[in-house]
Each structure stands twice: as C-alpha cells, then as structure tokens.
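Residue numbers (the working numbering), protein chains in the order written: chain A, 1 to 663; chain B, 1 to 663.
Keep in mind the hints are simulated off the structure, nothing from the lab.
Predicted model, so just to flag it, every value in this text is computed and none were measured.
Be careful, since some hints might not be right.
[Claimed, not checked] Coverage of chain B stretches by chain A, computed from C-beta distances (three or more under 8 Å per stretch; other residues unrestricted):
1) 69-77
2) 416-427
3) 461-470
4) 481-488
Idealized CB from N, CA, C, for every residue including glycine.
2 protein chains.
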Amino acid sequence: MVRAAVLMAMVVPGLALAQGRSHHLMPVPAVVEWGTGALTIDGAFRVEPAGASDPRLDRALARFTERLARQTGLPVGVGQPADRPVTLTVAIVSASGAVPRLGDDESYTIAVTDRGARVDAPTTWGALRALETVLQLVEPDSAGFRIAAVRIADRPRFPWRGLLIDVARHWMPPEVIRRNLDAMAAVKLNVLHWHLTDDQGFRVESRVAPRLYQQGSDGFSYTQDEIREIVAYAADRGVRVVPEFDVPGHTTAWLVGHPELAAGPGPFLIERQWGVFDPTMDPTRDTVYAFLDAFFGEMVTLFPDEFLHIGGDEVNGKQWNASPGVARFKRERGLKDNHDLQVHFNRRLQEIVVRHGKRMAGWDEIFHPDLPRDVVIQSWRGPEALVEAARRGYLGILSSGYYLDHQRSAAHHYGNDPLGNLAAGLSDEERARVLGGEACMWAEFVSAETIDSRIWPRTAAIAERLWSPASVRDTADMYRRLDATSRWLDWTGVRHRSGYEPMLARLTGGRPTESLRVLADLLEPVKGYARPGTRPYTSVVPLNRLVDAARPESDVARRFGELVAAHLAGDRAARDSVAWWLRRWRENDGALRALIDASPALAEVRPVADDLRDVADIGLAAMGAAPSATSAALERAAQPKAEVLLMIVPAVRALAGLPPSSR
Amino acid sequence: MVRAAVLMAMVVPGLALAQGRSHHLMPVPAVVEWGTGALTIDGAFRVEPAGASDPRLDRALARFTERLARQTGLPVGVGQPADRPVTLTVAIVSASGAVPRLGDDESYTIAVTDRGARVDAPTTWGALRALETVLQLVEPDSAGFRIAAVRIADRPRFPWRGLLIDVARHWMPPEVIRRNLDAMAAVKLNVLHWHLTDDQGFRVESRVAPRLYQQGSDGFSYTQDEIREIVAYAADRGVRVVPEFDVPGHTTAWLVGHPELAAGPGPFLIERQWGVFDPTMDPTRDTVYAFLDAFFGEMVTLFPDEFLHIGGDEVNGKQWNASPGVARFKRERGLKDNHDLQVHFNRRLQEIVVRHGKRMAGWDEIFHPDLPRDVVIQSWRGPEALVEAARRGYLGILSSGYYLDHQRSAAHHYGNDPLGNLAAGLSDEERARVLGGEACMWAEFVSAETIDSRIWPRTAAIAERLWSPASVRDTADMYRRLDATSRWLDWTGVRHRSGYEPMLARLTGGRPTESLRVLADLLEPVKGYARPGTRPYTSVVPLNRLVDAARPESDVARRFGELVAAHLAGDRAARDSVAWWLRRWRENDGALRALIDASPALAEVRPVADDLRDVADIGLAAMGAAPSATSAALERAAQPKAEVLLMIVPAVRALAGLPPSSR
C-alpha cells in the first residue's frame with residue numbers, strides 16, 4: 001500500500017486549522033468565529049435583498065444564484081413554490097454610487113446559523129464582497145451542501161487592490177476581460193488597470209482621432225460600446241476600471257497614424273519586437289498637448305473612474321536627444337536633462353487631466369516633488385519609490401514584486417507587502433498614503449489562450465495580501481487554500497486549469513497526453529526576463545509550445561520538495577512517497593520517448609526528458625546504495641532547456657546530500 | 001520498463017491505415033487520395049474566397065481563421081503584409097439560399113499541394129463542409145503545422161443528418177445550443193431538431209399566446225430575438241433548425257396557461273416528474289385547431305425551415321377515454337379507437353401546417369396511410385416503422401438506435417445504419433425515401449452542465465454513419481479517429497472533456513481528484529431506462545453525482561478489454577499491461593478510501609470502490625496462482641451501484657477463465 005500513503009501525503013489538503021477550523025476562504029476575512037451546526041443548501045435555497053434598494057444588488061443576487069447552481073449542480077431557483085422561506089438575506093444600508101470609487105466602504109458581516117444566513121453591509125460593494133465569501137463557505141456534505149454556522153466581520157486592509165492587464169502586446173478580446181473581472185471579484189480585487197496602448201498596439205476606438213486605432217491596432221481594438229459594456233460589467237462587480245494611455249514613450253502605435261506627434265521623423269510602423277523603443281511624443285509642441293487634450297476629453301466620457309493613468313515609464317530619450325528643436329526648448333526653459341523635460345510634459349498633462357475632472361496616476365518615473373500631491377505613483381522599479389513618495393506626501397501603490405510575467409511563485413508574491421520592512425519607518429499618516437498594490441500581467445509572452453494560466457491562481461495570493469490583515473501570512477496555509485481556490489475559480493469561467501490539457505494535446509498532435517503531462521507537471525517557464533534572451537521573439541511568434549503550457553509554478557515539484565525535506569528529517573512515509581515519485585518519473589520515460597518521437601512539435605523537449613530520466617536515476621540511486629558523483633549531472637539538469645526549468649532538481653540535490661546549487 | 005510498454009499499448013493511437021495513410025478525418029470523406037509533400041501552415045497563412053460572392057462564406061472564412069489560430073496557437077492574420085500569397089482559395093459556383101434546405105448540394109473537393117490549397121464547391125454549404133475537413137487535416141510538424149498533400153472529393157450519403165436537443169425536460173440556455181451547433185457543423189451534421197415543448201416546459205416566447213411561456217416555463221424560455229439569432233447562427237453553419245412542438249400529448253406545460261385546450265379538467269401544473277402523462281389536447285374542438293392555427297402562424301415567422309415537427313408521440317388516451325364529449329365525437333365520426341382519433345387530429349394539423357407553407361414531420365405514431373405523402377416519419381420505436389413508411393411512399397428518418405440518453409457505446413450507434421439489414425428488400429426508389437437519421441438527446445437526466453458529455457464524442461460516430469459511404473464501418477478505426485476527434489472538438493467550445501474534472505472536484509469538496517478519477521474512468525452510468533428505476537427523480541433533483549460525471553463510455557475499460565483479449569491470445573506485452581492496470585487499481589484503493597471518508601458527497605461510492613478492489617484482486621489472482629472461486633464476487637461487482645456500472649468486470653471474467661455473465 002505504498003501508493004495510498006503516497007497519495008495521502010501528496011494530495012490530501014493539510015489539516016492545518018486556520019482560526020480554529022479548516023476552511024478554504026481566500027482572502028481570509030478579518031474576523032471569523034465558527035459556531036455549531038450548519039445551514040443546509042439545497043434546491044429550496046432562496047435569497048432576498050433587504051434594506052435599501054439597488055438594482056445592482058438585485059443583479060448580483062441573480063448572478064449569485066446562478067453561480068451557486070453551477071458550483072453545486074443544484075437546480076436552485078427552479079420550480080420551487082414562491083412562498084418558501086428565505087435562506088439568505090442580504091441587507092444594505094444604502095445603495096452605492098453608479099461606479100465604485102477609491103475609498104468606498106467595502107465592509108460586511110455574515111451571520112450563519114442552522115436556520116438561515118444574513119449579510120449586512122453599509123454599501124452595495126460590501127454586500128458584493130460578502131456574497132463571494134458566502135459562495136466560498138458552501139461545502140458538500142452527505143445530503144448535498146451546507147454552510148457551517150459562523151460569524152464573519154470583514155473589511156479590506158488596502159483600498160486599492162488591482163490587476164493590470166496589458167492588451168497592447170497581445171490582443172485580449174472582450175470575453176477575456178470579462179471572465180477575468182469575474183475571477184477578480186471572486187477574490188475581492190477592486191481595480192482593473194487596463195493597459196490599452198503601447199508600441200505594439202492602440203486598442204481603443206477614438207472618434208476624435210480614428211487613425212489611432214485604425215492604423216495602430218492591426219484591426220484588434222475595443223469599440224466604444226465594448227468599452228462601455230466592460231466598464232458597466234466591472235462596476236456591477238464593484239471593480240473600478242482605470243485606463244492607462246502610456247505617454248510620452250511606448251507610443252509607436254499612436255505615431256503610425258499620427259507621426260506629427262513624434263519628436264523624431266516618421267513614418268512609423270506598429271512595433272513587432274519587445275523592449276524599449278525610440279519613438280516618443282514631442283513635449284515641446286503645443287499641438288501635441290492640444291491633441292492629447294482632445295483625446296483625453298473623449299476618453300473621460302468612456303471611463304468614469306476618477307483616475308487616468310498616463311504611464312510615463314521607460315522614456316529612452318533618444319529621439320529627444322537627436323532633435324535640435326527639443327535641445328533648443330530645453331535650453332530656453334533651463335531644463336537640465338530629459339527627466340526635467342518629462343516633468344515639464346507631466347505637469348502640462350496633469351493640467352489637462354485635471355481640466356477633464358480626473359486625477360492622474362503614473363509609473364514611478366513620473367515622481368517629482370514639483371508634481372501636485374493628488375497624483376498616484378505606481379511603483380514598479382522597487383518599493384523604495386513607494387516609501388519615498390509616501391514620505392513626500394504622495395499617494396502610492398506597489399507593483400514591484402507583483403509582476404506576474406516574471407513567473408515567480410505565489411509564495412514570492414505573498415511575501416511582498418506594500419507596508420513591508422522598508423515602510424517600517426513611516427508615520428501612520430505616511431503609511432495611509434500607501435493605497436495598496438496591483439498585480440501586473442504584461443503581455444509580451446501571453447496570448448488570449450494562455451493569459452488566464454499566468455494570472456491564476458497566483459493573483460489570488462496577491463489579493464489576499466492586499467485584503468487580509470497583515471498577520472495572515474502562513475505560507476503553507478496559503479498554499480492549502482490556494483489549491484482549493486484554484487479549483488474553485490474554475491466556476492467563475494477563467495481557464496487557467498481547463499486550458500492546460502488542450503495545449504498538451506495540440507503538442508502531441510491529438511495523441512494522448514498522459515506521459516507528457518507527467519513531465520509538464522514538473523516544469524516552469526524560465527524566470528524574470530530570461531525568455532526573450534533565448535530566441536528572437538516578436539508579436540507574431542506563436543505562443544503554443546511546452547513553455548507556454550507549463551504553469552508558472554509546479555505544485556508537484558513544490559510538494560516533492562516538502563516530501564524530500566520530511567524524508568531527510570526521518571519521516572518513513574515520506575521516504576516511500578519520494579521513492580514512488582522517482583519511480584513514476586523514471587518509468588514514464590519510455591512512453592514519453594515514444595510520444596516525443598511521434599510528435600514533431602515535441603522535438604525540443606527531448607533534452608528536458610533526458611534531464612528528468614537522469615535526475616530520477618540520481619534520486620533513486622541516492623535512496624539506495626551510496627550515490628555516485630552526481631553533482632555535474634544535476635548542474636546540467638538545472639540549466640533551462642526549451643525555455644523551461646525542471647523544478648525537482650533542488651530536491652534531488654538535497655536527496656543526494658549535495659549543497660544547494662550556487663546558481 | 002513495464003510501464004512504458006503499458007502506456008504504449010494503452011494510449012498511442014493505432015497505426016491502422018485508413019485509405020492508405022493514417023488520418024483523423026471524421027466523417028471519413030468519400031474519396032481521399034494522398035499525394036507527396038505538404039503545405040506549411042504558419043503565421044503567414046492567408047485564405048481568400050473566389051467564384052460567386054456570398055457574405056456567409058466571408059463570415060465562415062473569418063471563423064475558419066479564428067479557429068485555425070485557436071487550434072494551432074499561431075497568430076494567424078495578425079501583422080502580416082497584405083500582399084502575401086494566398087495559402088487557401090475557397091471557390092463556390094453559386095451562393096446558397098438564405099437558409100439550408102433539405103437536399104441542397106453539400107459536395108466539395110479539396111486539392112492540397114506543397115504550394116497551396118484549393119476548395120471547390122457548387123454551393124456555400126459545400127464550402128462550409130470542406131472548411132471543416134481542411135481544419136481536420138492540419139497536423140503538427142517539427143517546424144509548426146502542415147497539411148499533407150491530398151485530393152479529396154466528398155459528398156454526404158444522407159441529406160438529413162440531425163441532432164435532437166430536448167430543452168423542455170431541462171432548460172438549456174442559448175450558449176449551450178450555440179456551442180453544440182459549432183460542434184455539429186464540425187462533424188458535418190446539418191439539422192438541429194429543437195424539442196421546444198413538453199410536459200415539463202414550454203420554452204418559446206409567444207406573443208399571440210404569452211401565457212404559454214409565462215406560465216409554462218418557470219421563467220426559462222427563449223425570447224423571439226434569441227430564437228432568430230440561433231436560427232441565423234445555425235444557417236451560417238449550414239444547419240437547418242427544425243422546431244418541434246409536441247402535440248397532442250406531452251402538452252402539460254401548454255395547459256398550465258391554457259387549460260381550455262385540454263381534453264380533461266384543469267387546473268394544470270408544470271410537470272416535475274418524468275414519464276408519460278395524462279394531459280392531452282382535445283382533438284374534438286374547433287377552438288383547439290383555431291388556437292394551433294394562430295400559434296403555428298406565429299412560429300413560422302421565427303423558423304424558416306420548410307419542416308415543422310408536431311411530435312405526436314406517446315398519447316396515453318386516458319383523458320380522451322374519460323371524456324364524454326370525446327366519446328360522442330368518436331361515435332359520431334366512426335372513429336374506432338384513439339389511434340383513429342389521433343389520425344383525425346393529425347390530418348387537421350397537417351392542413352394547418354400546409355396552410356402556413358410548411359411540411360409536417362412527426363414521430364412514428366403519426367404514421368397512417370391516410371396521411372399525405374410529403375410527411376416525414378421519424379422512427380423511434382424501431383427501424384421497422386422506417387422501412388414500412390418507405391414501402392408505402394413516405395419519407396423517413398431513423399432515430400431508433402441513436403438515443404444518446406440510453407448511454408450506449410459509440411460502436412453501438414455506429415453499427416446502426418438507416419439502410420441496414422431490414423432495408424435490404426427495399427427498391428432503390430424506396431431506399432431514397434430514407435432521408436437519414438437523428439441522434440436524440442432527451443434531457444430527463446442531463447443539465448446544461450452535463451449535456452455536452454452525453455452528446456460528444458459519440459455523436460461524431462453517428463455523424464460519420466450518416467455522412468460517409470456505407471463501406472466505412474471499421475469500428476477499431478472509428479475509435480482511433482473518435483479519440484482524436486473528441487480532443488479536437490474541444491476547440492469548438494463544447495465541454496464534454498473540460499467539464500469532467502470540475503464535477504469530480506465538486507464531489508471531493510475541492511480535494512484533489514486523482515484517486516477518484518482512477519475509479520470514475522472505469523465507470524459508466526446505468527443503461528437504457530434503468531436510472532429512473534433507482535430513486536424518485538424529478539426535474540428539481542440535482543444532476544451532480546458521480547453517475548452524472550461518469551462518461552457514457554469508458555475508454556479505459558474498452559481498451560483494458562482489448563488488452564485482456566490480446567493477453568489471452570498469448571501477447572506477452574499485453575500481459576504486462578493487464579497486470580499494471582490491475583495493480584494500479586488495487587493500489588489506488590487506499591487513497592480512494594481516504595478521499596471517500598473525507599468527502600460526504602462520495603458516501604454512495606463506497607460499494608463501487610469495494611467492487612473495484614475485489615475485481616482487481618480477482619484479476620491479480622487470476623494472473624498469478626490458480627484462481628479461486630470468484631464467479632459470485634464478479635456477479636456481485638457486475639450489479640449497478642450508485643447508478644453506475646463498473647465496466648472492467650467482463651474483461652476480468654475472461655481473465656479468470658469464466659464464461660461471459662448470463663446477465
């Protein structure tokens with residue numbers, strides 16, 4: 001019965017108790033008090049609003065009922081007599097405004113007994129957050145489903161909890177945005193930061209300057225109706241939509257149709273490469289500001305949020321340096337360098353933004369003591385900028401440490417606190433200026449097919465960091481709940497799980513994928529900015545290889561590492577499990593080889609399969625007789641191949657008694 | 001290396017050559033001639049129409065490009081210069097009409113060389129069929145994707161190739177219909193038979209009689225706009241939509257809002273049970289015909305197809321027998337029994353249908369020599385009715401043998417030919433009256449969540465039976481291609497594969513599902529009409545148990561049976577594979593027990609797990625020492641439990657040297 005022990009050790013969620021009872025809530029609420037008994041959830045379930053009336057709440061309850069039916073398979077709301085008792089009452093004190101605003105109250109309480117459940121919230125937004133918690137509380141029992149008796153009092157730690165989605169590098173159709181909004185709301189995120197323009201694409205219909213999207217998008221842009229629909233869809237879920245129009249750099253796609261805005265000579269073509277490029281707006285000409293004034297004047301009619309994000313990052317200054325006109329302008333105005341010149345640009349932009357009734361947000365490059373204090377600084381280069389901004393009286397949000405495209409672990413992001421060590425010296429007032437953070441899904445290496453698997457489930461861990469009390473920081477318990485949350489997010493419609501198998505099947509040409517999956521489960525894409533170094537990537541290179549199917553974090557490798565640690569600490573059952581997994585990988589080799597031989601798209605995977613065979617052999621040898629010299633082989637296996645990393649190598653090093661690699 | 005051999009034997013598709021070269025085409029085209037070389041498919045792919053102009057073809061090519069991008073992950077159609085060479089030309093002689101009609105030409109030819117591909121078709125419909133074949137021809141190679149050089153000439157064997165979807169027993173939202181239309185078109189089916197009304201629901205908005213849907217649908221019905229959109233969606237895919245309004249029986253839902261139509265006294269409530277019920281329209285009153293005349297007059301404005309299906313099945317006659325008025329009517333008209341009375345009803349209905357410019361179709365109960373010859377008879381009670389109808393000059397379609405709700409194997413349906421043995425004595429003219437067939441998805445035991453897994457992939461085998469030459473009947477080759485087709489249908493959006501894992505995860509309460517999947521992969525739901533006998537099912541009983549997740553056909557059990565047969569024939573590798581699988585099932589037992597103990601929703605599965613453990617033990621014993629008396633244990637394990645069947649029992653009987661069970 002080795003296998004049984006193995007599976008138990010590997011796959012049954014830990015029984016760690018969080019606040020007195022095991023649960024799968026994510027983010028963890030501020031206060032949870034378990035009672036006794038449980039409320040039965042069956043086909044007679046009925047939910048009713050109470051308190052102030054809000055059509056948005058009514059729609060939310062209809063969605064709630066639909067999701068409850070989907071998650072449980074219960075025919076909720078079908079064919080029941082209208083006079084049946086109310087199971088769940090959702091009461092709000094007053095209806096929220098038309099769209100969520102920064103700082104709106106999102107608190108709520110939930111009380112569940114065996115006779116019924118009640119949500120109370122001061123606002124509609126709080127009720128929306130509560131409904132997500134209620135859905136997470138539903139658990140199966142022998143008769144069907146139930147909610148354990150509980151009292152919850154909850155509110156967010158930070159008011160700005162965002163996800164940036166870059167739709168410029170790779171086009172993301174409206175349904176991608178919608179399903180991710182559903183998943184965001186499910187983990188209580190409240191800001192979609194929509195990166196709409198960049199060198200590679202201008203993704204919004206403009207009527208005042210139609211050449212922007214007509215010539216700058218390859219035909220892939222949102223109509224104004226689609227924008228309005230998505231903003232309304234987000235508002236219905238209590239999510240703000242902050243649009244980003246990145247200027248003055250990252251603007252090649254603008255300049256295709258409007259070369260007259262550039263500081264250098266055109267013509268310009270939509271950029272196909274990745275990186276930082278020269279085309280930049282000319283900050284010296286009034287016509288540029290007039291253009292932006294008209295353009296932003298149009299955009300504010302589409303985006304009701306009080307913030308407008310103007311980017312401002314990565315201006316390389318080459319076009320400015322090459323322009324005699326720019327040089328003259330700097331001389332005349334006494335601007336000593338390009339940073340000063342960009343500050344000039346930002347101040348004029350800020351006037352435009354304010355004239356249109358908005359507040360400005362930008363990346364940390366825009367930070368300058370001359371800017372008005374109501375600007376929000378988004379820190380991407382490091383937490384220092386955030387702390388410095390808070391010291392000087394600016395509002396800030398953290399994105400450094402939350403870059404999803406870097407393919408880091410959930411634990412890495414989870415440990416990244418906007419009010420971490422660096423902020424220790426801040427006063428309470430200064431700390432209050434740290435509004436929260438944003439996970440960033442930059443899209444050089446994601447397509448509409450793969451983006452969900454890069455965002456989820458890791459962003460749920462970031463969402464918890466931004467919502468839950470700072471004291472909630474048990475990484476093992478986070479992973480336990482993240483595992484359940486990942487499965488559970490399936491029901492919201494995101495495809496981070498369901499897209500995996502079809503991508504593997506494509507690689508095998510329709511052949512069964514089992515042996516490939518055994519390998520792929522152990523792989524992660526290369527980290528940070530390693531991938532563009534491997535081959536000439538452009539926006540027209542397909543993202544359909546094993547590296548694109550591989551998940552950012554290998555759960556099997558992480559758990560195997562835990563098993564090896566337990567075995568080395570003397571745990572006998574863990575030893576059996578370690579041996580079982582090593583054999584499984586070794587014995588998979590023959591089938592995997594046959595599959596690779598038969599599947600041309602897998603040719604590049606052959607050296608990865610070699611590594612797995614070697615590493616499994618080394619591991620098995622280490623568990624049997626005295627291990628031979630294996631260090632060089634393990635170093636080799638630790639090198640990326642086919643842009644993927646074999647994540648079990650560190651554990652097998654430990655097994656073989658080798659120190660951690662110096663790499 | 002036992003495992004490698006095992007996996008090879010179990011999972012790598014057979015290398016059987018179909019018409020000279022292994023391919024995954026389904027349905028198999030009439031003529032396939034392979035050439036040499038291949039056409040490269042990459043990001044530079046470009047498709048252009050030629051010949052007659054048809055906006056429907058342009059839309060089809062846009063969808064084709066989008067699907068090619070989805071199936072390959074290639075950024076097809078993005079950022080390529082407009083003057084690149086054409087990869088695929090699609091030429092039609094003349095544009096098809098606004099909607100497909102019975103008997104329209106659907107033929108096409110495809111010619112692929114290493115320089116390009118060309119489709120020629122007399123009609124738009126033929127081009128649509130060809131595009132599906134082209135997508136199935138795309139295969140991965142080491143550089144990306146390609147289409148092997150080939151010449152194909154294809155046309156359907158039968159002109160009526162349908163799928164019935166019952167939306168009355170369980171409501172199916174529009175997106176369920178749309179995604180199934182996409183999958184139908186992918187396997188060249190051309191009729192959606194939409195079963196819109198029954199005792200349990202009236203699913204169409206009517207403006208002339210709004211109480212029909214307002215009181216008869218629990219709020220779940222299609223608006224007229226939704227109906228029009230789906231009809232247009234189907235027409236764009238070359239699929240006819242034949243609506244069924246089942247009368248005079250199966251009409252409880254009509255009678256809730258219009259009790260005056262009934263032959264017996266009301267009031268009536270929407271039926272929650274399954275079966276045949278008493279409420280029936282009164283065939284003696286002119287007001288009933290006037291009502292139907294007005295109602296059908298409205299419906300023909302929504303449904304452009306020339307056929308209107310009036311059901312006509314399962315009239316139990318109880319209300320008629322109980323009505324003095326009906327008895328008097330029969331006496332006065334000399335109608336000797338209720339069948340005569342229903343013929344009277346059908347003849348009057350036929351006049352109404354014809355007056356509204358339509359032809360009538362109905363279930364085989366409507367067959368009667370007095371009916372006009374242009375009626376289509378749908379045979380569900382057996383193929384005899386079809387043959388008899390053809391003999392007497394009526395058109396007919398076969399559904400007997402194609403009932404998807406009976407949970408039979410793909411091989412069972414595949415062997416069911418509308419022109420099978422019974423039709424051997426028919427003349428050519430009589431045979432031509434057999435128009436084709438329809439797979440029937442009756443919805444007592446499917447929900448919107450599970451319906452795809454009951455329709456697909458089995459319906460692809462039926463589609464092949466109805467499209468391909470009668471000589472295409474190699475069941476092993478069908479299964480090889482069905483396996484690839486099933487994976488491939490994923491890309492059309494149906495959820496027959498992706499829905500499995502979330503349903504298992506629900507049963508485990510979010511715990512990992514691996515050990516449950518090992519069991520579930522061996523199970524099938526009980527067959528035929530066995531399920532309603534097990535417990536009191538109604539329309540509000542949830543369909544979220546293991547029996548609902550289990551697939552209608554266990555691929556693993558089927559292949560295990562093949563392995564056992566090979567082993568018993570002396571194949572040594574097969575012997576190793578058989579032993580590996582038995583051990584796998586046996587060793588899974590511990591983890592499965594732990595999961596069942598932790599998952600209240602799985603309590604009913606315990607005896608099924610007992611059976612698997614016993615059967616695996618018996619199999620292992622049979623392969624080792626002389627087997628002990630095991631017949632009784634295997635008989636026990638062959639009994640359904642939790643409404644599922646353990647499908648490996650027959651193979652283990654063979655392994656133990658026992659004769660096939662007498663059950």
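Now the hints, each set against the structure:
no. : hint    : result
1   : 69-77   : holds (count 6)
2   : 416-427 : violated (count 0)
3   : 461-470 : violated (count 0)
4   : 481-488 : holds (count 4)
When held up to the earlier numbered hints, the structure conflicts with 2 and 3 and fits the remainder.
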